[in-house]
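Chemist: With the hints as extra help, turn the sequences into a complete structure.
Residue numbers for the sequence shown follow the working numbering, so the first one is 66 and each next one is one higher.
Think of the hints as simulated: they come from the structure by calculation, not from any bench.
All the pointers check out, no bait thrown in.
Below, simulated SDA-like cross-link-like pairs (lysine to any residue); rule was C-alpha separation at most 20 Å, straight line:
#, residue 1, residue 2
1, 332, 357
2, 360, 379
3, 115, 86
4, 150, 212
5, 235, 85
6, 140, 211
7, 115, 92
8, 76, 98
9, 218, 138
10, 360, 333
11, 308, 349
12, 360, 349
13, 119, 143
Using C-beta positions, here's what the derived DEER-type ranges look like:
#, residue 1, residue 2, range
14, 377, 161, 17 to 23 Å
15, 160, 210, 21 to 27 Å
16, 190, 111, 43 to 49 Å
17, 208, 370, 43 to 49 Å
18, 311, 358, 25 to 31 Å
19, 176, 154, 28 to 34 Å
20, 161, 378, 14 to 20 Å
A virtual CB, placed ideally from N, CA and C, is assigned to each residue, including glycine.
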Amino acid sequence: MALMGHAQEQKFVTVQRTFTLMGEKFDITIVADNEEIGYINIEEAVSEIKRIEKLISSWDEESETSEINRNAGIKPVKVSVELFKLIERANQISEITDGAFDITFAGLDKIWKFDGSMKYKPTKEQIKQSVSKVGYRKIVLNEDNHTVFLQLKGMKIGLGAIAKGYAADKAKELMVEKQVRAGVINASGDLTTWGTKATGEKWLIGIANPLSKDKIFSWLPVLESSVATSESYDKFISFDGKKYSHILDPRSGLPTTGINSVSVFSKTAEWSDALATAIFVLGLDSGMALINQIKGTEVIIVDDKNKMHNSSGILFD
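Modeler: What follows is the structure, encoded as structure tokens:
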């Protein structure tokens, strides 16, 4: 009889595929009853991410975001409720982070070059000029008509620092709605999970050892939650022995210093994505202080001396 019992057990399969979406690498992993269903689920997740890309990509001339940017300083643009709400949430994150996260950073003049071609630091005047069109308070949102208006000519919004996280969340939401057992959506390091592995174990995320990128420093279980990592190990410039990272402060137009990488853990990938960028800008102390005030959100920061710092809720085994 023991044999019979064994045959009743459902065996799940894990399927995984990689795509380039939103200009980034997306890895989608699904736990399903069989391979065929798993691959169908992956296709559905990809369609959802492509739908969002069409809506918010500033590279796509046809997108609502491009339409907003084209009409900067001219007139308000009516957009879908979905984009309106996303911009509204982005602005709330700007409020919380004191402008360290700001989608109008897209209007920054490109005066810093991180490809090795830069010989001198830009002048104070150039830097001041570069941020003249930046500032989330210059985005006028009309709740009744769902219109978005950028007050200054030449202003631009770019949802790059929140879009990957948002797309991962939406793809996950769709999968959960379709009662897909479990999975991981990983948008180049912004990832969100649901359910458990086919074996019933928790999904684990590896935190890389800052001193050697190939070694895993610690494994943390992620249960129904998300993580996003921002890093600048490879992209920086040095002047007078000081390292400047490619992530710029939207308020000052200056490159950020002092941090090599930030990983934020929270309920949604969108929130993790945006906060990881903001913490780079806020710096170690202010960034840590902010996260310690936000419930259900944790962070691991690697400073520019490769020392790790973590918020109060993260316990390494």
